[in-house]
Amino acid sequence: MKKTKKVLAVLAGSTMLSLSLAGCSQSAPQAGGTKTGTETADAGKAASGGKEKIRVFTFFTGSDQWAPVWSEVIAEYMAANPNIEIVDESAPTAGVNDVFRTKMQADIAAGTPADLSIFYTGADGKPLVDSGLFVDFGTYMKEDEKWSGNFKQSALDSQKYDGVQYSLPYLGYYEGLFYNKELFEKYDLEEPVSYDNIMKAIKVFAENDIPAFASSMAKPSYLLELSILAQSGGEGHKNYFDDSWAPALDSIAEWYQMGAFPKDTMTISEDDIRLMFKEGKAAMMINGSWCVSALEDNENMRLIAMPAFPGGKGGEDCVIAGFGSGWFFSKKAAERSDETLKLLKYLTSPEIVQKFIAVGGSSAIECPVPEGASLLKKSAVEMLNKASYTDTAIDSQVSREAWMAIADDGAPYLVEGKRTSLELLAEARKILEATSK
Amino acid sequence: MKAKRQRTAILFLLPAVVLLLCFMIYPLGKTIYYSFTAWYNFSAVQTFIGLDNYKDLIRDPVVRTALRNTGILMAGVLLFQIGFALILAILVDGVRHCFKFFRTIYFFPIVISATAIGLMFTLIYKYEYGLLNYFITLFGGEKQVWINEKTSIYLALIPVVWQYVGFYFVIFLTGISNISSDIYESAMLDGIRPVQKAVYITVPMLRSVLTSSIVLVVSGCFKVFDIIFMVTNGGPLDSSQLLSTYMYQKAFARGNGGYASSIAIVMIVLGVAVTSVLRKMLQGGDEDA
Chain Z
1 MKKTKKVLAV
11 LAGSTMLSLS
21 LAGCSQSAPQ
31 AGGTKTGTET
41 ADAGKAASGG
51 KEKIRVFTFF
61 TGSDQWAPVW
71 SEVIAEYMAA
81 NPNIEIVDES
91 APTAGVNDVF
101 RTKMQADIAA
111 GTPADLSIFY
121 TGADGKPLVD
131 SGLFVDFGTY
141 MKEDEKWSGN
151 FKQSALDSQK
161 YDGVQYSLPY
171 LGYYEGLFYN
181 KELFEKYDLE
191 EPVSYDNIMK
201 AIKVFAENDI
211 PAFASSMAKP
221 SYLLELSILA
231 QSGGEGHKNY
241 FDDSWAPALD
251 SIAEWYQMGA
261 FPKDTMTISE
271 DDIRLMFKEG
281 KAAMMINGSW
291 CVSALEDNEN
301 MRLIAMPAFP
311 GGKGGEDCVI
321 AGFGSGWFFS
331 KKAAERSDET
341 LKLLKYLTSP
351 EIVQKFIAVG
361 GSSAIECPVP
371 EGASLLKKSA
381 VEMLNKASYT
391 DTAIDSQVSR
401 EAWMAIADDG
411 APYLVEGKRT
421 SLELLAEARK
431 ILEATSK
Chain P
438 MKAKRQRTAI
448 LFLLPAVVLL
458 LCFMIYPLGK
468 TIYYSFTAWY
478 NFSAVQTFIG
488 LDNYKDLIRD
498 PVVRTALRNT
508 GILMAGVLLF
518 QIGFALILAI
528 LVDGVRHCFK
538 FFRTIYFFPI
548 VISATAIGLM
558 FTLIYKYEYG
568 LLNYFITLFG
578 GEKQVWINEK
588 TSIYLALIPV
598 VWQYVGFYFV
608 IFLTGISNIS
618 SDIYESAMLD
628 GIRPVQKAVY
638 ITVPMLRSVL
648 TSSIVLVVSG
658 CFKVFDIIFM
668 VTNGGPLDSS
678 QLLSTYMYQK
688 AFARGNGGYA
698 SSIAIVMIVL
708 GVAVTSVLRK
718 MLQGGDEDA
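First to last, the sequence lines map onto chains Z and P.
Numbering follows this note's numbering, in which position 278 of the first sequence is assigned residue number 278; successive positions increment by one, without gaps.
If you want this note's numbering, it's the 1-based position in the second sequence plus 437.
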């Protein structure tokens, strides 16, 4: 008896530790869709007032540039549709701890995604498609061509999985090299339009105790993505983790040794990186369109493509841009009523999209260009116009773990000289192979 | 009559057993299974790969760092959490005035969520906008990078210790209040001094409470996650990684569920083994006494 008690106690205690993982188990999608208790509770109308609840999941929250617009837009919708209650489950995506991704993974594993979700597409969106929990937009788009005709065809095509439209592109992004013109002028430096100018700037700024780059080795993805493109060019960009990428990684290590990054680059958060650059405490920042709205008030801010690295094939004609995320519409919501689709059509209408674009990013929907663009925005448009090769960020094209092998997991070891670029690339290739099986 | 009573008892016990089976035993079984598979991005496909995840685990230097850090954490909490809590309890027990005030102050961190504590210490340690560096520069000093490879685990240990000192403080205080006042009074008649009173009467009389607290503290080390996640996120260069944070990163940030499951199993086995050995050692001591 005593023994049984002990065994039970040990089992109970130990199982607590495993709950978090096993709770994420997932069975193959069921045909027919028998509703579970949770589903029934979620799906029905609220007991009081007969309002239909629509669960929506986005990254428009916290410090995200579109968060205020999002709040305004959904509040307006609820005011105009008193029978609807939008349950905003948005989670932040910036920072070292990506809560956004984790929440979606947990929702998918539990089979309870939000009715309408914005999530990463490409390799990141594949598990959503494979889960069988989301609709194919094809039929809906054929039924309402006036609405679907608003989407740019190239943007739609970029989000097809085996020819099927599982997600609708919304707000696009671009990445580039931001720089503070004022700091370059102050130290009599030429603007960072070439690799040599960058190297000279790093040296001068380091002598003056100013980080040349506001960049974090705890989250070095943007730095890596642009450096790799500057090295490989469009030609080698899709040769994932090829040894030809090594010089780009080595350049980052060299910059680190020259003192190009903040002293706390190993731990600094993404939010602090942006703040540091905004406050003029760093001269350059490799980041994306989501930072534009916070910086455009400063007329000294500019954005350019990363210049080609020595012997590299990239340069101002190569840009990272695209629609890395899109709307996913759950089957459960589609079966319940037309209200979620109605909300989606409202959110993807040109009038609403224009409000988002006025803040930042580019649009997958044809809509008028916002008036009175800042100098920073103009430089971004110029950067995009010069580019003959445009591709999405690599981390959206390969498995997460493979990318992490050279990014968050590998870059700190690389710059500290504890691992070589070739070792990291070989490891990433190995993981990519394993995850592609 | 007896059989009826037993049936009723079983009936009342059944819901708990069902819950235990659904939410503990079944997930444990699934985790064991996943640990033998290649399972990525929480997909529906798992490929059986035998012991490969465990072989990788043995070769993984981060796992070794995590184990070392767990050891440091155990030593730290034993020494400081139990030590400080005991000293504070003995001191507060001897205070005639403001007893409730001290009890509330020391217990207070327990009611703050670990995430909030983690965030608070993150703000303290920050280089550019941190509180410590603010004071250093205020007095003309030079800013320091507080969290680095050598210091990270120790700096993350401070909030972990701070949060639970109050919990064990209250346990010890309750234990002390249960010690018969006759013993203290007779010792006082013999002219005992406060330090002697603590060393020769209070601590030996708290032995059973101390034993339970030590087991709780040590087993709790395998569950520490939130504060480390907030303060260092296991970095820099994995220097403050624990098995729990590494498991989370592998599962949710990298999408490698199979490998993360094997880490979870190692955590379970280690947790059970260490707790059992410790309990046996401490109980053995009790029997000798």
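Treat the hints loosely; a few may be bogus.
[Stated by the list, open to error] Under the rule of at most 30 Å between Cα atoms (straight-line distance), these lysine-lysine pairs were calculated in the DSSO-like manner:
| hint | chain 1 | residue 1 | chain 2 | residue 2 |
| --- | --- | --- | --- | --- |
| 1 | Z | Lys418 | Z | Lys146 |
| 2 | Z | Lys430 | Z | Lys181 |
| 3 | Z | Lys53 | Z | Lys342 |
| 4 | P | Lys580 | Z | Lys181 |
| 5 | Z | Lys203 | Z | Lys386 |
| 6 | Z | Lys331 | Z | Lys181 |
| 7 | P | Lys467 | Z | Lys418 |
| 8 | P | Lys467 | Z | Lys331 |
| 9 | Z | Lys51 | Z | Lys386 |
| 10 | Z | Lys203 | P | Lys587 |
| 11 | Z | Lys126 | Z | Lys203 |
| 12 | P | Lys492 | P | Lys580 |
| 13 | Z | Lys203 | P | Lys580 |
| 14 | Z | Lys51 | Z | Lys263 |
| 15 | P | Lys492 | Z | Lys263 |
| 16 | Z | Lys430 | P | Lys467 |
| 17 | Z | Lys126 | P | Lys441 |
| 18 | Z | Lys126 | P | Lys492 |
| 19 | P | Lys587 | Z | Lys263 |
| 20 | Z | Lys437 | P | Lys467 |
| 21 | Z | Lys186 | P | Lys580 |
| 22 | P | Lys580 | Z | Lys437 |
Hints were generated in silico from the structure; no laboratory data involved.
Note that this is a predicted model, so its numbers are computed, not measured.
Checked hints:
Between Z:Lys418 and Z:Lys146 the CA atoms are separated by roughly 57 Å; this puts the pair beyond 30 Å, and the hint is violated. Among the hinted pairs, Z:Lys430 with Z:Lys181 is inconsistent with the structure: their alpha-carbon atoms are about 42 Å apart, more than 30 Å. Between the alpha carbons of Z:Lys53 and Z:Lys342 the distance comes to roughly 13 Å, so the proposed pair stays at or under 30 Å and holds. Distance restraint check for P:Lys580 and Z:Lys181: the Cα-Cα separation of roughly 27 Å lies within the 30 Å cut-off, and the hinted pair is therefore satisfied.
A distance of roughly 29 Å separates the Cα atoms of Z:Lys203 and Z:Lys386; the hinted pair therefore holds under the 30 Å criterion. Pair hint Z:Lys331 plus Z:Lys181 does not hold up; C-alpha atoms about 50 Å apart against a cutoff of 30 Å. With a C-alpha separation of about 37 Å, the suggested pairing of P:Lys467 with Z:Lys418 is violated against the 30 Å cut-off. Of the pairs offered as hints, the one joining P:Lys467 and Z:Lys331 holds, with about 27 Å between alpha carbons and a cut-off of 30 Å not exceeded.
Among the hinted pairs, Z:Lys51 with Z:Lys386 is inconsistent with the structure: their alpha-carbon atoms are about 50 Å apart, more than 30 Å. Among the hinted pairs, Z:Lys203 with P:Lys587 is consistent with the structure: their alpha-carbon atoms are about 28 Å apart, no more than 30 Å. Pair hint Z:Lys126 plus Z:Lys203 does not hold up; C-alpha atoms about 43 Å apart against a cutoff of 30 Å. The hinted pair formed by P:Lys492 and P:Lys580 fails the criterion: a straight-line CA distance of about 43 Å is larger than 30 Å.
Only pairs whose Cα atoms come within 30 Å are accepted, and Z:Lys203 paired with P:Lys580 is accepted, the gap being roughly 22 Å. Proposed proximity of Z:Lys51 and Z:Lys263 is contradicted: the alpha carbons are some 53 Å apart, above 30 Å. Between P:Lys492 and Z:Lys263 the CA atoms are separated by roughly 37 Å; this puts the pair beyond 30 Å, and the hint is violated. For the suggested pair Z:Lys430 and P:Lys467, the alpha carbons sit about 27 Å apart, so the restraint of at most 30 Å is met.
About 56 Å separates the Cα atoms of Z:Lys126 and P:Lys441, which puts this hinted pair outside 30 Å; it is violated. About 29 Å separates the Cα atoms of Z:Lys126 and P:Lys492, which keeps this hinted pair within 30 Å; it holds. Distance hint between P:Lys587 and Z:Lys263 is fulfilled; the C-alpha atoms sit about 15 Å from each other, no more than 30 Å. As the CA atoms of Z:Lys437 and P:Lys467 are separated by approximately 22 Å, the hinted pair is consistent with the 30 Å bound.
Between Z:Lys186 and P:Lys580 the CA atoms are separated by roughly 24 Å; this keeps the pair inside 30 Å, and the hint holds. Restraint check: the Cα-Cα separation between P:Lys580 and Z:Lys437 comes to about 49 Å, which exceeds 30 Å; the hinted pair is violated.
In the structure shown, a violation is registered for the earlier hints numbered 1, 2, 6, 7, 9, 11, 12, 14, 15, 17, 22, in ascending order.
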